[in-house]
Amino acid sequence: MYNSHVTPQRDESELIAAVLGGERAAFGELVGRYQQVAFRAAYLITRDAGLAEEAAQDAFVRAHTSLPSFRRDEPFRPWLLRIVTNLALNQVRGRSRRLRLLQRAGLAAGEQRQAPVDDTFLAGDRQRQLWAAIRELREEDRMVLYLRYFLELPEREIAAVLDVAPGTVKSRLNRAGARLRAVIEDRYPALRPVAQGGSGG
Amino acid sequence: MAEELHWEESMLENLAHAVAFPPTPDLRAAVLARLEAPRPRSAWPSAWRFAAAGAAIALLVLIGVTALSRDVRDAVAGFLGLRVEGEQIELLPTPPAGTTPTPFPTPASGTLQFSTFAREVSRAEALASGVPLRLPQSLGEPARYWRMNSGPGLVIADYGDIQVWLMRYEGDYFIGKGIVGGGEVIHEVEVNGAPGYWVRGGERVVSVRSASGTVVAGTTRTVTAAALIWSEDGLYTRIEGAGSLEDALRLAAEMD
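Chains as they are written, first to last, in my numbering: chain A, 1078 to 1278; chain B, 17 to 272.
None of these hints come from the bench; they were simulated from the model.
Note that this is a predicted model, so its numbers are computed, not measured.
All the given hints hold, so there is nothing to weed out.
DEER-style ranges, computed between Cβ atoms: (1) R1233(A) x S138(B): 48 to 56 Å; (2) P1231(A) x L149(B): 51 to 59 Å; (3) T240(B) x R1170(A): 40 to 48 Å; (4) R1252(A) x G146(B): 42 to 50 Å.
For every residue, glycine included, the Cβ atom is placed at its ideal position computed from N, Cα and C.
In isolation and in its complexed conformation, chain B is listed as follows (with noise of 0.2 Å):
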């Protein structure tokens, strides 16, 4: 009789064995790097914030576009994402000797590495995406195009060793790069006009982010690729690959 009257319960378990979760995304490379690098940005007054970014890029004019201490490099990062919108470098702690590093991804490569948050699409799906396809001419046609799932409007193109990322950057999210490795440049750069940088050497944990600072499913991963990156026009664009600021810069020129 108790069967006949909780029928459900059977039903329930029926369900919930049927039931087809999406995979669990791995957090824990996400979560840590949360941790080490918490955001103070929020705490500050903007003025102050705005303040404190343009003394810190004073010292960078100062200091001009050669390597920068990581006492220097510390005291500015935390500014640096005011500069070119749609990017934040943050700077996470060097762990002591003899302590276990932070587990983050692996660096990945070919076309792995996008797959996990985006998928390949055509010429005419990049298009319909709404991001301008600003792409270097002298390259020619991309070998493949990959269109972001969710999240921001963002399209890669991936020549191979070079990929081109353009994202419409509407406050929404940004790119979010930890720098860990040490031994790591920052440049402060022009491109077309507009400010930039360009990042070589070390590793960086480079996710796609909310503008809660939240990690979209599956962008974590870890970049040893030089990287131009500025924004024009509410496109934030950044060239992944290249072998040197010349190149760079003369592929940027290229991109209308």
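Bound-form chain A, shown alone (with noise of 0.2 Å):
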């Protein structure tokens, strides 16, 4: 009783102008379309699947909302994913802030919204030491390689969400990538590969 019967084959710009007509079955095939970029990059920024979950659901609300104010000659998916990153970082430094009160007022056990281990995330060891040492990055440098490896953003979109020019793009990836190799060097110097023509250890 309750399947959509939308016409599947509409573009974006159609089903944008049908919401914006009053057609909120096509939202729901907007949201179809994008919620799964929205929910992995919500995911990758909070790494709760609930926290997650909520902050794609009010990014998909907070998008309608703003809808009218959404210039059509642009495309939708960095649009959102950029309402999404925002509602998602808000997330974490929320639960950081009530986790540091909770520490403070010796209770932090009492926190039941901690990121989860990452062992359901990633299976080997190489792996979750290389996720760690991309936490342990500054923020902006976390999300241009989210963006890029996790969501396979191209760069123009890439700029959208972090509403930069393009050409910002590049350099804010070499200097993730440039600070990630010093972090690894530093921190996790088993991850380096061996340099061709080494002993090979």
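Put the two chains together into one complex, using the hints given.
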């Protein structure tokens, strides 16, 4: 009874026009189209499936509210991801604040929403170490790496998500890469690939 | 040389492919439900909310426990959540004729309906949740217990045709119910001396929500079974699936 019968072939701009015209079901189709990337973006930041779902859900609601101000000549996905990442980052900051307060009060064990361990996220020890290295980067560096490598966005969309000029993305990626190398060299040297022609250990 | 300088790139690519993301929840129903039933209560000063709720409940008392008209329910439903702790009932707009219905989840049945947000546990594990297992004695031991994976302390005693939900109400989570199908009846009743509701008919979209209104992952389901809902001593209780109000009240009386 409640299965959607929205025409599946409508492109993004048609769907947005339909939503703005009052067709609520068209927004459901947009949600279906982008919910995976929204959820994953939020999950990379929060590392908590529940929080990620909250952030993604809130982002869609907010996007719907803000849709009249959306520039129709721009792609929807990076605009949505900008909302998602902002909400997810706010959640993480809020969680950190709560945790600090609880720790100050000696009640840290009462915090139920801590990020889960990485075991379910990554299987291998080297992968977990690399993930740990990424987590030691600054927020700005992590974000550009998430968008480029984990969500596989093209540079122009990364620029739109981060609200920077397209040329800036390349320099941010280079900078984040250099900082990641430095963290690995310093803290996780075992991850460093063995140079060709070396002893091979 | 460039490859040597940027060895982290291939590591990142390999890592990205090794990541096991949790399954993406289907957000459509929850998002559309929130869009269709915005929660205006927060915009009201609380004194006004309570005054309006009082007026609405007084209206309900005047009308008695007979079926309410849609208009009356529209006026009242936004405030019903104040009456039973842990329950909020919203009326979702009926789609105009000829429009596509909102794609809410189709009704689930059997054990599958809880598996998206809860896990089957032993009685001991259910007890360990801290939720008092106040259950109807005449139904015997439940076929299974379910304990919610995250969010509030919530246990479901599953008897097959009847389920008893027990949730510790601490103000952070509540059960949100959107009534969409039409033909439903909301009765104001008294359960073991506490205010409650008897809801039957229609199709209700029920989910567990946080105080901000966000739906907890996997909890949205369409319910057609009648439900008796009340709250006592901070324990939110709902009996789903009883055949009649009298049966449900009898079961409630057996719970201690």
